[in-house]
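Participant: Sequence order for the protein chains is A, B, C and D. Throughout the first sequence, residue numbering follows my numbering, covering 2 to 149 in sequence. Throughout the second sequence, residue numbering follows my numbering, covering 2 to 149 in sequence. Throughout the third sequence, residue numbering follows my numbering, covering 2 to 149 in sequence. Throughout the fourth sequence, residue numbering follows my numbering, covering 2 to 149 in sequence.
Hints are computed from structural coordinates only; laboratory data are not their basis. Incorrect hints may have been included.
Where chain C lies over chain D, by a calculated footprint (3+ residues, C-beta under 8 Å) [said to hold, decoys possible]:
{"#": "1", "segment": "20-28"}
{"#": "2", "segment": "123-135"}
Residues on chain C that point at chain A, a partial pick, calculated with CB under 7 Å [as the list claims (entries may be wrong)]:
{"#": "3", "residue": "Arg11"}
{"#": "4", "residue": "His14"}
{"#": "5", "residue": "Glu35"}
{"#": "6", "residue": "Tyr46"}
{"#": "7", "residue": "Arg47"}
{"#": "8", "residue": "Cys72"}
{"#": "9", "residue": "Gly73"}
{"#": "10", "residue": "Trp127"}
We put the CB at the ideal spot given by N, CA and C, even for glycine.
Protein chains: 4
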Amino acid sequence: MIFHKDKLLRFAHCDLAGIGFYPRYVELINEVVEDWCAQGLGVSYRELHETHGLGLPAVRLEIDYLAPSRCGDVLNFALAVERIGRSSMTLDVRARADGSERLRARLTVVLASLKDLRARPIEGDWRARFARYLPAPESSVEAGTVSA
Amino acid sequence: MIFHKDKLLRFAHCDLAGIGFYPRYVELINEVVEDWCAQGLGVSYRELHETHGLGLPAVRLEIDYLAPSRCGDVLNFALAVERIGRSSMTLDVRARADGSERLRARLTVVLASLKDLRARPIEGDWRARFARYLPAPESSVEAGTVSA
Amino acid sequence: MIFHKDKLLRFAHCDLAGIGFYPRYVELINEVVEDWCAQGLGVSYRELHETHGLGLPAVRLEIDYLAPSRCGDVLNFALAVERIGRSSMTLDVRARADGSERLRARLTVVLASLKDLRARPIEGDWRARFARYLPAPESSVEAGTVSA
Amino acid sequence: MIFHKDKLLRFAHCDLAGIGFYPRYVELINEVVEDWCAQGLGVSYRELHETHGLGLPAVRLEIDYLAPSRCGDVLNFALAVERIGRSSMTLDVRARADGSERLRARLTVVLASLKDLRARPIEGDWRARFARYLPAPESSVEAGTVSA
Chain A
2 MIFHKDKLLR
12 FAHCDLAGIG
22 FYPRYVELIN
32 EVVEDWCAQG
42 LGVSYRELHE
52 THGLGLPAVR
62 LEIDYLAPSR
72 CGDVLNFALA
82 VERIGRSSMT
92 LDVRARADGS
102 ERLRARLTVV
112 LASLKDLRAR
122 PIEGDWRARF
132 ARYLPAPESS
142 VEAGTVSA
Chain B
2 MIFHKDKLLR
12 FAHCDLAGIG
22 FYPRYVELIN
32 EVVEDWCAQG
42 LGVSYRELHE
52 THGLGLPAVR
62 LEIDYLAPSR
72 CGDVLNFALA
82 VERIGRSSMT
92 LDVRARADGS
102 ERLRARLTVV
112 LASLKDLRAR
122 PIEGDWRARF
132 ARYLPAPESS
142 VEAGTVSA
Chain C
2 MIFHKDKLLR
12 FAHCDLAGIG
22 FYPRYVELIN
32 EVVEDWCAQG
42 LGVSYRELHE
52 THGLGLPAVR
62 LEIDYLAPSR
72 CGDVLNFALA
82 VERIGRSSMT
92 LDVRARADGS
102 ERLRARLTVV
112 LASLKDLRAR
122 PIEGDWRARF
132 ARYLPAPESS
142 VEAGTVSA
Chain D
2 MIFHKDKLLR
12 FAHCDLAGIG
22 FYPRYVELIN
32 EVVEDWCAQG
42 LGVSYRELHE
52 THGLGLPAVR
62 LEIDYLAPSR
72 CGDVLNFALA
82 VERIGRSSMT
92 LDVRARADGS
102 ERLRARLTVV
112 LASLKDLRAR
122 PIEGDWRARF
132 ARYLPAPESS
142 VEAGTVSA
């Protein structure tokens, strides 16, 4: 499964050349991850924090800014899970607009306790939830053997 | 040469777990690049834009978030040029605090016209300026042959 | 007429106490104004900038932060036009969540040329559009006599 | 006493018209308040949070954007305490650049517990510290009688 979300490239995201400023895309990517949790996985960030005491801090981010976008462009984001490790997972996040790919990112986050910031194994229900967004059944099996 | 700059991890950079929120570090990295231009290269962003009509849009960013930092930590940033291509260059940006490395990033930017967003060859004076921050003389020669 | 828009208070908006950080609400207010232009007035910011060469820079902002909001709260924003002057107008922006008012803001913006940043009189079509969000017919007449 | 602090108006603060974007100034004001605590009062935000369990959430903000500033302008901020109430205080924050006033703000913050977000009376040492930035001795006495 792939999670899709549209995001407007707003005035606040753009620099004096009138195009999206590169740090702002990281905020948009973060919004998409937040929306995916709530709408794709059925666990809002608030629930993740307050009910489960967990967060998803980033350990690695890679972004290719493939083409500039202008204020007013609607970016069609697509999020999939590329890999689930012992306590981390890598998300594949891409954005397209008007038929061209604008951005390709890989974000590795860790399931961690908000209290001590320690990583927690991704198990049971959590693993099952995240795994639904792995690209294909066989990859899911393979990814399960990769450690964080 | 290496450009060094201290940045306070501010309240505004931190999330509800009390640690630096990963998109905010991208803003800090951008500040360090801006300071490097003005203080390291002697060309402020304003001069770059207004006098030369140029900008440095990002085409690729990689960040490893090695360890969390807390509100009030002073991050010691170190910036070097890893590679200069025909019209792009890759910056190596690292941050340490209290003796541990917190962040390691590679940012590839393009020298581009603000008008048409087209890449411009990094030549003459510009190349000489950027090259002073390449790690060592022999690397400089090699890097010069890499195309953007 | 009143323009209504829901905004999620995101993780990125919250500070280490877990509540909305006051500068972030200004960004949310700006989003609501941007949405109002596109969805309420039928003129997107892009159209405003590119077709008309105009922008809406702020000249005054007042915000009362009436009650804290937490990550995950959905803020129901309501925007109305309080006053239209010669070239400026004051917007009344309020946010409620879970039955309580959280925020009350007044934002005065100027219709200005993007080229020279000079104020432009709010006339004809523009005035008619904005005036639809004035609170009541008699106020509209009064407001029309107030100068920027 | 008045606390002075210079802030560069950075690329990241500017919009597509090349001038400071109004929500970014609120972030700059917040930086100035944070710097004032650490450098003016001798209590960093970290100390305020971790040692004292206190924060300074905003309850009201007023900003007059008097003149636009461009990328590269150095804003000379001046912060004074206008009024100290029972548990709140109003800060007067102004910014000048190149001989003209650019911004005038009044920010009312509350001394509050980070745990329960409840206001705490500004007493003893805290009151003495803040009061050093009141405009004049007689105002200090008056302000002391104003309740939050």
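Participant: Of the numbered hints stated previously, which ones are contradicted by the structure, given in increasing order?
Facilitator: Hints 2, 4 and 10 not satisfied by this model.
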